[in-house]
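Position chain B relative to chain A; hints supplied.
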Amino acid sequence: MIELKNIEKYYANKGVKSYILRHVSTIIKQGEFVSIMGPSGAGKSTLLNILGMLEEPTYGAYEFMGEDVVSLNERKRIELYRNHIGFVFQAYHLIDEMTVAENIEAPLLYKKVSSAERKSRVADVLDRFNMVAKKDLFPNQLSGGQQQLVGIARALVAQPSIILADEPTGNLQSPQALQIMELFKKLNEEENITIIQVTHSEVNAAYGSRILHLLDGVIKEDIAVPQGV
Amino acid sequence: MFRLNLKIALRNLWKNKGYTLINVGGLAIGLASCMILLLYVAYEWSFDKHTSGYDRTYVVYNHQKSEDRIVSFSWTPGVMAEELRTKIPGIARVSRSTYPAEHLISYNHQNFKKKAMFTDTAFLKVFDYKVLQGNRDQMLKHPNSVVLTERMAKILFGNENPINKTVKMGGKEELIVEGVIEDVPVTSSLQFDYLGSWEMFLKENPWAKGNERDWGNNYCLTVLQLQDNDFSERVNAEINGVYKRNLKESRNFASIHPLSKWHLYDKFENGKSVGGKIDTLRIFLLLAFCILLIACINFMNLSTARSEKRAKEVGVRKAIGAARKSLVGQFMLESILLACFGMVVAFMLMELSLTYFNGVLNTNLAINYRDWTFWSALIGLTLFTGLVAGSYPAFYLSSFNPVKVLKGFNLPGNSSLSIRKVLVVFQFVFAVCLIICTVVIYQQLNFIKNKPVGYNRAGLVEIPVEGKLQRDGKMKLLREQLLKSGAVINASVFSRSLSQGGNNTSGVSWPGKNPKEDVLINFRYTYYDFVATLGTKMMMGREFSPKYTDSSNVIINESAVKVMNLSNPVGTVITWGGNPMTIIGVLKDFVMETPYQTVTPMIMMVNPTADGEGVLVMRLNPSQSIGTSMQQITGLVKEMNPDFPVEATFLSDSFEAKFQNEKVLGILANWFGGFSIFISCLGLLGLSLFMAEQRKKEISIRKVLGASMMNILTLLNKDFIKLVAVANLIAFPLAYILINKWLSAFEFRVSISFIPFAIAIGLSLLIAFLTVSAQSVKVAKSNPIDALKYE
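Chains as they are written, first to last, in UniProt numbering: chain A, 1 to 229; chain B, 1 to 791.
For the record, the hints were derived by calculation from the structure and aren't laboratory data.
Where a beta carbon is used, it is the ideal one built from N, C-alpha and C, also for glycine.
Just to be clear, a hint being listed does not mean it is correct.
Claimed, not checked - Incomplete in silico selection of chain A near chain B, CB under 10 Å: (1) Y81; (2) F87; (3) R210.
To be verified - Chain A stretches covered by chain B per the calculated footprint, using a threshold of three residues with CB under 8 Å from any CB of chain B: (4) 95 to 107; (5) 196 to 205.
Only chain A is shown next, with the shape it has when bound in the complex (with noise of 0.2 Å):
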């Protein structure tokens, strides 16, 4: 499904190429729950944004679905990326000014779906996670947790095939964490969602079914989690 071949990220500054990524390749699969390891600064998140098209590699093929992303331009890469990636963000990102229903619609309006079959989605969606009666809030009325939860219902709607997550526990206490990750496995398992998240913490890439260890830049390692855990 994914493909990348020696991915290069750096910034020149005056003249110093300083490098966030070098020399990444690795092969994602259809229905593979990744994470991505590594300490501060090993280029993680900027791994994770190549990914999902919000930044481009400097140097370096990466094929999505069989196709090309660095030489599509730009409104086919949206069309990709609309289509096929759900994105969940550390800090939530919802837009404070809708409610939680317009939030999980969002991505639909940008998608042209017809309006009853958005209200259908969105009602599906909100049903499965246990929100209805919470569909008129607005995101600051919410814990956390349910902000997360609203924000993957979110990326969820648009029946991506595959889910990014920067850090999507971060700011959330163990319990709550615990729930998300859950959650990412039971999509993983059950709609064969690919999904890639970008952690700290062994115990969430313990949910998953490959790790891949960043280190400056690099992969250093690239192990498969034991299942049964």
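Quick look at chain B alone, frame taken from chain A:
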């Protein structure tokens, strides 16, 4: 999508009420100012465009060459119309008429002085006013016919049918009402209440009858309608030599001027149209759009200043799949929404202020709600404002890189701040220019007003000599009665109003005159005691007196002495129309026509019987109240001349009226200058709000490190004061050029001093300082811990 965006935009506006208020207020004032100015421009623009053939209608202009210049006016000989009709092809209709002037009209012993024009049958075909009663083709054929406007018919006859009723004109001629036409709109250059026949004019003015085939006398207005506008150039070429063809020695030439340009392009130089009122109109148009632009800039400034708050939203939207286009659309929607709110408020402001402006401008501007052009202009203006105001923020905000803004928003670089700075500077340049111009306009107005007119205006009243007063020594009698009553202390007669020009001649010659030179000299007839009545003085010699026989003596004014170049005027013999006349005195110059130009030379002769046309000039008795004096005067005049209403004019009022144009300009510049400063300050307020937010942490740290309140205020205000100072520097040369150009049109003008500039810089700095300080004081006083503990 649209509905959701709308909902979010509304929520956003509601959440930031203060910001919305500033924005809507600024936009509303900008829009209201713009629309009032546009209404005024449209009003002036619509002049003389109400008849169906207006675009084919032309006014004949007469250009008189003298030694140094060409004087142009739309007065022509009476024979002009016939000449054009018979000799120049391409002309469909020609009409000649007198200019509207007040004539007494009465019915059933009710007397009214209303404006009349005497004209021919073609007039109502060129100006095709709707005929409410009567037959257009027959109108004004009969010498004793009269056509009334609807309003005039109402005044005279109420609800009776006016057709075939007899009215009296000037107290003697009986006229039969032949028809009623619709009222003349206020936007017509020719304002009349009724039309009389040309024959009646000739009967009333025997001199005109004698001169009917004469090309030397200009006393009527000639308008013509072409068959087709293609003919205009040919007709113009043909008409050019019409004077020379008919009068060998004439150096005059004629031209046609479109009726639609008569009002706005009324200034001629060297026989060519060089604009006129249109220049003022252009200034207003520019002003309208600049004010709107300032309001738009305000909006841009405030929206981009708030970008930190919006950045996250942009990032999220982009991350969940929004294309830039849809974000641009969303921000545009918000700004158009604000513009709509602004328009609603602008409406209220307009409706509230129109009465005031109508009073000042002497117009009757009104919003015509049934006019589609109004609505389209309104919608167009709102959309335009929304788009202009929203354009920069929309593209700026939507350009954020989602990764960066989501990671935590850093100051969007120095670039955007500098654009905001440029915008603020622009606003203040405009505001400062307006302050300077306003001050200079007022200085000029005061300068001209306080320039000595040559006589004492206060307590000087004139009454037109009409009807019975013109005959049989009645005037003399009235004068004596008035003096005896104690209402006036001096009184005299003058053959024209003291505030009017006209009645001039080039037929005066004097020793040493260059025979080729044409010099126009005003001539007036006067009565005894003129100098004391006016409160002026003789520079040399004496004035007319009953003790002497002055029938072949004249008094001239100082300008005349200068023009005639006489070293010893008193005793010099000059001739007028071949009659020798001895100068017995030199009168101090006084202003009659316009205070903006040097006084025209004048000769005065005595009218010992005091009969004939003119005005009775009176100096009111200062020891009794004006009311009492006026009452006595009205009573006495009414008794002598019962047919005419008494119309007394205070010279100070008629003098004031000469400044109408400059006054309007001054008042408008004042108001709109004030508005633009106000809007600019709103912008500054928004910017300082933003700045205060942005630098909260920095200031807290400085405070912790021991900075005093004063230090912090200086720090915060410095940047803004710098901007305003820069704006002043840019505005100074700009304003200087502008106002110099405006002033150069005046013969007498103030020199541009440093005062307006000092006022502008002082005022703008003070206002800016106060605005910014309102914010910075709050920040400077806040507890540093509040800002720091969240870090």
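Quick rundown of the hints versus the structure:
1. Y81: With Cβ-Cβ at 7 Å, under 10 Å, it holds.
2. F87: holds, 5 Å
3. R210: Where the cut-off is 10 Å and the nearest Cβ of chain B is about 24 Å from R210(A), the hint is violated.
4. 95 to 107: It holds, with 8 qualifying residues against the three required.
5. 196 to 205: violated (count 0)
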